[in-house]
Structure formats: structure tokens, C-alpha cells
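Peer 1: Here are the chains, one letter per residue:
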Amino acid sequence: MSRNLKTALFSTLLLLLISYPILGLKLSVIGIGLQVEGADARTLWTIGLAAVAMFTWQLLRDRLPGAGRLAAMTPSVPGQVKHWLTLPSTQRWIILALVMLALVWPFFGSRAAVDIATLILIYVMLGIGLNIVVGLAGLLDLGYVGFYAVGAYTYALLAEYAGFGFWLALPIAGLMAATFGCLLGFPVLRLRGDYLAIVTLGFGEIIRILLRNLTDITGGPNGISQIPKPTLFGLSFDRRAPEGLETFHGFFGIPYDSTYKVIFLYLIALLLVLLALFVINRLMRMPIGRAWEALREDEIACRSLGLNPTIVKLSAFTLGATFAGFAGSFFAARQGLVTPESFTFIESAMILAIVVLGGMGSQLGIILAAVVMVLLQEMREFNEYRMLIFGLTMIVMMIWRPQGLLPMQRPHLELKS
Amino acid sequence: MPELYHYLQQLVNGLTIGSTYALIAIGYTMVYGIIGMINFAHGEVYMIGSYIAFIAITLLAMAGVDSLLPIMFVAFAASMIVTSAYGYSIERFAYRPLRGGNRLIPLISAIGMSIFLQNMVMLSQDSKDKAIPSLLPGNFVLGESAMSGVTISYMQVLIFVVTFLAMLGLSLFISRSRLGRACRACAEDLKMANLLGINTNQIIALTFVIGAALAAVAGVLLGMQYGVINPHLGFLAGIKAFTAAVLGGIGSIPGAVLGGLLLGVAEAFGADLFGDQYKDVVAFSLLVLVLLFRPTGILGRPEVEKV
Amino acid sequence: MTKSTQHLRKLITAMALAGCASQALAADNIRIALAGPVTGAVAQYGEMQFVGARMAIEQINKAGGVNGAQLEGVVYDDACDPKQAVAVANKIVNDGISFVVGHLCSSSTQPASDIYEDEGILMITPASTSPDVTARGYQLIFRTIGLDNLQGPTAGNFIADKVKPKAVAVVHDKQQYGEGIATAVRDTLKDKGINVEAFEGINAGDKDFSALIAKLKRANVDFVYYGGYHPELGLLLRQSKERGLAARFMGPEGVGNKEISAIAGPASEGLLVTLPRSFDQDPKNKALVEAFKAKKEDPSGPFVFPAYAAVQVIAQGIEKAGGTDTEKVAAALRANTFDTPTGTLAFDEKGDLKDFSFVVYEWHQDGTKSEATK
Chain A
1267 MSRNLKTALF STLLLLLISY PILGLKLSVI GIGLQVEGAD ARTLWTIGLA AVAMFTWQLL
1327 RDRLPGAGRL AAMTPSVPGQ VKHWLTLPST QRWIILALVM LALVWPFFGS RAAVDIATLI
1387 LIYVMLGIGL NIVVGLAGLL DLGYVGFYAV GAYTYALLAE YAGFGFWLAL PIAGLMAATF
1447 GCLLGFPVLR LRGDYLAIVT LGFGEIIRIL LRNLTDITGG PNGISQIPKP TLFGLSFDRR
1507 APEGLETFHG FFGIPYDSTY KVIFLYLIAL LLVLLALFVI NRLMRMPIGR AWEALREDEI
1567 ACRSLGLNPT IVKLSAFTLG ATFAGFAGSF FAARQGLVTP ESFTFIESAM ILAIVVLGGM
1627 GSQLGIILAA VVMVLLQEMR EFNEYRMLIF GLTMIVMMIW RPQGLLPMQR PHLELKS
Chain B
2 MPELYHYLQQ LVNGLTIGST YALIAIGYTM VYGIIGMINF AHGEVYMIGS YIAFIAITLL
62 AMAGVDSLLP IMFVAFAASM IVTSAYGYSI ERFAYRPLRG GNRLIPLISA IGMSIFLQNM
122 VMLSQDSKDK AIPSLLPGNF VLGESAMSGV TISYMQVLIF VVTFLAMLGL SLFISRSRLG
182 RACRACAEDL KMANLLGINT NQIIALTFVI GAALAAVAGV LLGMQYGVIN PHLGFLAGIK
242 AFTAAVLGGI GSIPGAVLGG LLLGVAEAFG ADLFGDQYKD VVAFSLLVLV LLFRPTGILG
302 RPEVEKV
Chain C
2 MTKSTQHLRK LITAMALAGC ASQALAADNI RIALAGPVTG AVAQYGEMQF VGARMAIEQI
62 NKAGGVNGAQ LEGVVYDDAC DPKQAVAVAN KIVNDGISFV VGHLCSSSTQ PASDIYEDEG
122 ILMITPASTS PDVTARGYQL IFRTIGLDNL QGPTAGNFIA DKVKPKAVAV VHDKQQYGEG
182 IATAVRDTLK DKGINVEAFE GINAGDKDFS ALIAKLKRAN VDFVYYGGYH PELGLLLRQS
242 KERGLAARFM GPEGVGNKEI SAIAGPASEG LLVTLPRSFD QDPKNKALVE AFKAKKEDPS
302 GPFVFPAYAA VQVIAQGIEK AGGTDTEKVA AALRANTFDT PTGTLAFDEK GDLKDFSFVV
362 YEWHQDGTKS EATK
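Chains as they are written, first to last, in my numbering: chain A, 1267 to 1683; chain B, 2 to 308; chain C, 2 to 375.
Certain hints may be false.
[Stated by the list, open to error] Below 27 Å or equal to it, Euclidean Cα-Cα: the simulated DSSO-like pairs (lysine-lysine) are:
no.	chain 1	residue 1	chain 2	residue 2
1	C	294	C	259
2	A	1292	C	193
3	B	129	C	242
4	C	285	C	297
5	B	129	C	259
6	A	1495	C	351
7	C	287	C	259
8	C	259	A	1292
9	C	296	B	129
10	C	163	C	193
11	C	208	A	1292
12	C	297	B	129
13	C	321	C	351
14	C	294	A	1292
15	C	296	C	259
16	B	129	C	208
17	C	287	C	297
18	C	63	C	297
19	C	63	C	296
20	C	165	C	242
21	C	287	C	355
22	C	297	A	1292
23	C	193	C	165
24	A	1292	B	129
25	C	294	B	129
Keep in mind that the hints were calculated from the coordinates and are not lab data.
Given only the sequences and the hints, what does the whole structure look like? Please build it.
Peer 2: Quick look at the structure:
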């Protein structure tokens, strides 16, 4: 009992220490001076109640029926279902079903829903790309957003200075990002785990700062605006087509509706995601894909089996960057404007969170996680509490399901004793 | 002569900013040294330390206390106690349940914690800048006049002194005390230390507490130096301190100090040479360069790979 | 026409029908979207905009509304992030709202206005000062605040004609707003034959400017123009004073609020600021200022009154056009003049105010200001 009492007192004191000074006292500017005010009664009551709750819970922890089994009480799916859900074949079917759903989505969803879905698809694409680097090859990359920026700016610059269209710029953007990935990856890939993390973070920041400071080329903080939207075989979706192009509605003789543009963008994003999914699924079964995963599991064993770790890592890094480049150029097209502020570290963190939350290596998981993360960010009802909940969800998810939302089983053999 | 003064001034500026990087970097490096995780939320703890100091200072000012020593004492004490509580609780709530799994998982949890804390402070204290008047105004001037000579403010001197004392205290604690020895044992081999009867959970918690308290020291010092805080200052400071820790060799405490000072000086001279906007580019480029030639940082131990 | 294109056409028509069916029905109230940052680093500026717009809506409704209909403000949060601004714009289209007061940051206003123009939504920004916003030949995009490139010459001429410094440095925060103004000031100074010793950027959000100050000291600068917002300039002022840089400072309206004095304290004495005439000091607006104070809201921010005026302009525009058809309202906006607390407003072809004048104020350390003479 006395031990419980001690813990209870300690926990309560801790709770008060972390909540009262920051939540219960408020610095406010009165005129030009600073004053401390007490928070409103509701906040103080909440802090008080939380403290009392903490105290009683810690005190009676052992006696509460089933409190110890709290973890077991959380909703869990039976083992059979869990097993079935994580089978690669099941996940393939689910992905197929999702793709079908995605294809018919624009016919049922409203304009805003289609737009949000487009945003989700961008993140799915980024998640798939980063998954190669982090999930498959096990390289912690905190500067992935840099390649995304390279892709976006490649299209923006090509459109601005050379008048390239989206379809022509798309492969170039991918190539450009791949080149950057290769060039940056080459010197740093011999670094281990966390050193690699901070260096990639540094590269991401350097790319952003350079984009911001090279005002003559990149437009500096203003970025590049009026990037053309993609066309359908030369048909523009604008109300009035730019020179040399015909409008989509003009060609088909239907009234102009701007929803077409949104739907068309969505379909392009979907196409890109499908392409990425297809490529990854093939690659994972090829020797190179197996090599990535082998390297993640045990680098020394790989080396002794004759794999060149630098080449393997570099290929993962470059391929990941390529997808970021595609996603970037699509982002530029959707947005019509790129500025360096769209490519901050928090974006990298968000993509990484999608990969980890989804269950590293699992594509279905990434799709699910991208949906969750984008919708979390879009919760306008909670307004100012949005990011708070976003952060909390990341922590709680990691504690509750560290393996991710929907991890994938790998084909494995078990020795039976 | 003015040229020399100018570069001397930049050196002093760099060392000042560098010593606070060093104080924050120690928190990263100690946690990394023992459990091998990057505590991304550390920068936010520093930010909270600044807020507590400002609240304490403002409360005292409202109560009519205006002599420097009691104000500083209360600010340091209050902020170190509260951030220690934060350090402990963060570890207990967000990291301990995740220990032993994939290394990426605590990292994501830490990023989540960082977002959470920043927004919590923003909600309760709003996002406006909060400012206090200089508590310790005044300069030493080397050379003919303030415009052409080297100026070293009393505040800068205070930062050097406090940083030095904190480092001294910490190294004595680590090398001489029982708990310090336990810390070193844990850093060497966590499992073995546990087998030998060291309460590793306690030691890990202690590491977080010490790191948080040092971040609070940095928070109070920088809060007084610049006189302005907002809920966003933790992120950049955290990234820079983390860079400093890696630069010096993560896991090594003298490395963190060296890395911090080096980074500060590089930033000051980088800003001087290429312009202020390239400061961060210089900092990160230095990091990349150093890591290319010494992949484990300046004072990091080369890691032996085991099968 | 080939068979395949016929199929395609059928498909597209089906899509269109589906898209129309889901559109919301118009309500009796005239809804106005208030778009700007509720969260994020510049939320406080967003707040100014919302405070002004809400007050206008409330007062117009109290006076009987517009053509008998009540106005209703709906807040959308873009967090000053271009990506979210596009999402917000699409949502506004989706919600069937045809009038927008916002956005705050030029980088959000630009991509959002592409969508508004396309969708026939009328937008008035009370805060984005980048010339690019109205430079694209759009018909439905207006603003009730002056442009960066107007403020630059005002500041530059004042420096050259009144202050006459020996060596000037122009510093900016590498953001659209700050760099835009700083460039305009530099160009004006160059035309006037004033020597600009340094043109430098800093990082917004930075706290330590000691390296920059040492550089300014070496160049013997006696006048610094800063393009950006108050948090950085406040620190710059404070540190310059502490480090003995004897120079006078000047900044745009983004630095002109009380907080600069809260941050810089005595160092803010003598700072020069170009501001739109401060509408809350205008005796004409006394009743309105009282109304803000009665609601415990601060009317002194630079975007409060422009936002108020934006709502008023929309309301009067609807009355003059005799309906909510945005193209007619836009034509009415261009054809008429509007009496607002920010003066009598008239719009030019681009959608900018015909004359919007800036005044140079001198700041005092208690947060007040007076018109500067030299």
C-alpha cells in the first residue's frame, strides 16, 4: 500500500508540474508589457480533476478489477483474421478493390472530396517511394522532401523557361530527382543509421534554402507561378485554352465545367500511383528487391555473400528519389505554384510517419496511413486542436501498433520441432 | 586593426551561440549514448524551459522583485524543475513502452511528441512573440568605440560562465558519482548493466532528466540573451543542436561541446562570408564534410560491427 | 469522329452529371468565406483579418443586411500553406460560396485565386500585398490594401529626401513580402543616387543576428531598411542597440504594430515605419473603434480595417449589382466608388485600389507613433 501511495503521490506531482505552469499560467501582452494571468476556471478544473484521477488510479491500480488487463481489453481482432489480413495475397486483393473504388470515386465524390483524394494520392506516391528507402532497404532518410522539391521545381522551371508541358516534363523531373538522389547518395551511403538520418535531413534543408536564395533562377521566396496544368492529348481543361491548344469542352462540344479539371488531375495521380505500385511489386520479386531486404536484415551477411552494399543502397536511394520526383512534378501541376516553403522538414516527417504508420514494407498499409494522415490534417472541425491531435495520434499509434496499421507477412518457412 | 576586431567579434558571437547549442546537444548525445534513439522532442523541452523562465521572471517582476540574483535563481530553479518533470514524463509515456523494437518507431513517436508539445504551448500561450526587457544590459568594449571595436555583452559572459559551470558539474557527476558510473555502464552495455543489478530504467529516466535540465539552462540563458520567445523556437534549435551532437560524435559528451562550439563559430563566419541567409547551408555543409572524412563524428568512437 | 472518342464523350458527360448532382443548394443567407491562417506561425495576422471581417458582417446584418438577405461568415483555415490554400479553395467551391475575403499570405492567395477566377468566385484580399496577385489579368480578384511596390518608393523617397544617410543597408527576411518591399526600396534608393552598402537576407524565425550586426558595423552603416515582419526586426533593433550599432531603422507596415515595442523596448524609439493611414486613429472611425473595444478586440492591426472594408465593398457591390452574380458584382466594383472606414475606395482594371497612400510614421518606445518629419 505504502509503495502505491508513494507512486501515486509522485505521479500526481509530476502531472501538476507538467500541466500547471504551462497550461494554468498564461503570459499575455498588456499594452507593451508582459503579465502573467491565471488560465480560465475550466482549464484549472480540468488540471485539478486530472490530478485527482491520476492519484486514485495509481493508488488503486492493483485493486481495480481488470485494470491490469487493460491492454487485453482493447479491441483486438481474432488471430485468424489478423493472419488472413496480413497475408500478401489478401492484401493484393484489397489493393485491387481499393483501386476499383478509386476509379469510380470521382463519379460519386463531390469536388472537394476528389480534391482531397488527389492530395491523398500524392502522399501515397511519396509513401511508396520512401518505403523503398526506409521500409525495404532500411535506410533512414529524413530529407526525402528534397527530391520532391527537385521534381516540382524541375517541371516549374521547364515550364517557365522552355515552355515544356506536363507530360514531357514528368520523365525529366523523375530523372532529375534520380540524378540528385544518386549524386547525394553516393558520398553519404557509407554512413550508418543515424548519421545518415541527419545528413539527409541536412541535404533536404540545403536544397530548400538554395531554392529560396537563388532568386534569379527559382524566383526565391515567390517561387514560380502559373505552371500549366496537364493536358489530355493536347486538350486543355481551362475555360479559355492557351495559344495552340484546344479546350476539352470545346472539342467535345459540352458545356464548360471546372470539375473536369479536378477529376482529370485526380485520374493522373491515380495513374501515377498505379504505375508506382506496379513497378514496386515487380521489383520486390526481382533480385534487386530481395537484395534490399536482405541488406536491411543483415549487412555483413550480404557482403559476405558477394552483394555490393553501396550499389544496392544507391539503387534504393535513387529509385525512391525518382518517385518523389514524379510526385513533385504532379504537385507543381496541381498547385500551379511552387514555393520553397512547401518543402520543409515537417513534410519529410509526415511522409516518414505514413511509411512507419502503415507498417513498413506494406503497400496497403501505406495507402491506409496516407488516408488517415491527410484526413487528420484536414479535420477542420477541430481547427486549432488539429495538429495537437495529429501529434498525439502519432505517439499513440506507435505505442498501440508499433508494427503499423497493416503490416505484411513475408513468405517464410518455419522449422517444426 | 578594425579587420582583426571584426573577426574577433565574429568569433565571440560564434562561441556564444555555440555554447548554447552545446548545452542542448548534451541532451541528445546522452540519450543516444544510452538507448540509441534520437529524442526529437528535446528542442521542445528547451522551448518549454524558456517559457517557464519567462513566467517566473514576469511573476517576480509583478511582485516587485527587481534585483538580478534572486530573479535568475528562481528562473533557473523553476525552469529546471519543470523541464525535468517533462523529460521524465516524456520518456515514461512515449518512449519506454517502445524500447527494444525497431529503431524507427521511437523516432516517429518523438516527432509526434515534438508536434504535440509545440502545439500544446501554442494553444495555451498563443503563438505571439513574448518579450521581456534586458535583465543584464551593458557591454565590455575592446578597442576605441562600440562601433569599431569588439563588444562583449555581460550577458555573453554570463552564458560562457554558466555553460562552463554546467559542463564542469556534469563531467564531475559522470566521472565521480555512483549514478554517473551507472550511466557510463549503461552506455557501454545496457543488458549487461541490467544483469549486474543496475536499475537501467531508472538510469535511462535520469538521463532524460539531466538532458532536460540542461536544455532548461540553455532555455533560460537564451531567453535572457534575446529577450524574446515563441512556441516555434524549439524546432530549429533542436535540429541545430542535433547537428552539433552528430558533428562531435553522437554519444560523446565532450564531442557535443566541441561540436556545438564548432557549429556556432562556423555559422558566424559563414554568415559573415556568404550572408546571413546561408548560415544554415554552411552549418549542414560542415556536417556533411566532417562526416565524409570521419563517419562517426569528430570524437565519436568508431563502431565495431558485430555479426 | 471515331468511335472511341464518342465513348469518351459519353463517359465525360456522365462524370459531369455526377459532379453537378452533388453540388450544395444555395441558402438564403449570403455566405462569405473568410480564408486565412487560424493555425500556424502567422495566425495572429489571420486573426486581425477575421476580427475586421466579422465586425463588418455583424454591423451590416444589424443594419438590415444586403438586399434583405443576411450575411454569414464562414472561416476556412489555410495555415498560410499554399497546399492547404488550394484545398480550402476547392472546399469553398464545393460549399457553393461565391464571395471570399482572404487569403492572408500572398503565396496562399496566388494558387487559391487561380481557382476562384476559374470558378467565378469573387475574392477580395485585405492583406496580400504582392504585386503578382493582381498582375495576371484576372477579373474577379480584388484587394483593399496597397501593394509592396507602392510602399517601397514611399520609403525610398523619404530616406533620400528627408533622412539623407551616408551609408544604407537593406535587409530582408527572404520571404515574398519582405524581399519584395526591400527590392523596391533598394531600386528607389539607387535611382536617387543613394549608396546601398549591403543588400542581405536573413532567415525568418532566426534569433541571433550578431553576425549581421558585426558586418553592418564594419560597413559603417548609419541607416538600415528592413523588409519583413516585426519579430525579426524587434530582435534586430534590440541587438543593434546592445552591440552599439548606431544606425536608424525603417520598416514596412508588417513591423508596424505595438509588439515591436514590446520586443525591442527602448530600441524601438525613433524607428520609421511606412503605414497606411492608421484607420483606428482617424476620428471618423471612433464609433467603430469603440465597437471593437466593446468586444475586447484589438482594432490596431494593419489588416483589421482593410478586412472590414472588404466585406463592406462586397455588400455594397451586391446592392449595386442588384444580385449575387459575381461577374456583375465585379463590374459594379470597377464602376463605382465605395465609402468605407479606410476611405473612399475605387478599383482599377487590375483590381487594385486606385489610390492607396502610405505615410511615414515615427515609432516611440511606448508603442505609439506620430507622423515623421525627418
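Peer 1: May I ask which of the numbered hints given earlier this structure violates, with the numbers listed in increasing order?
Peer 2: 2
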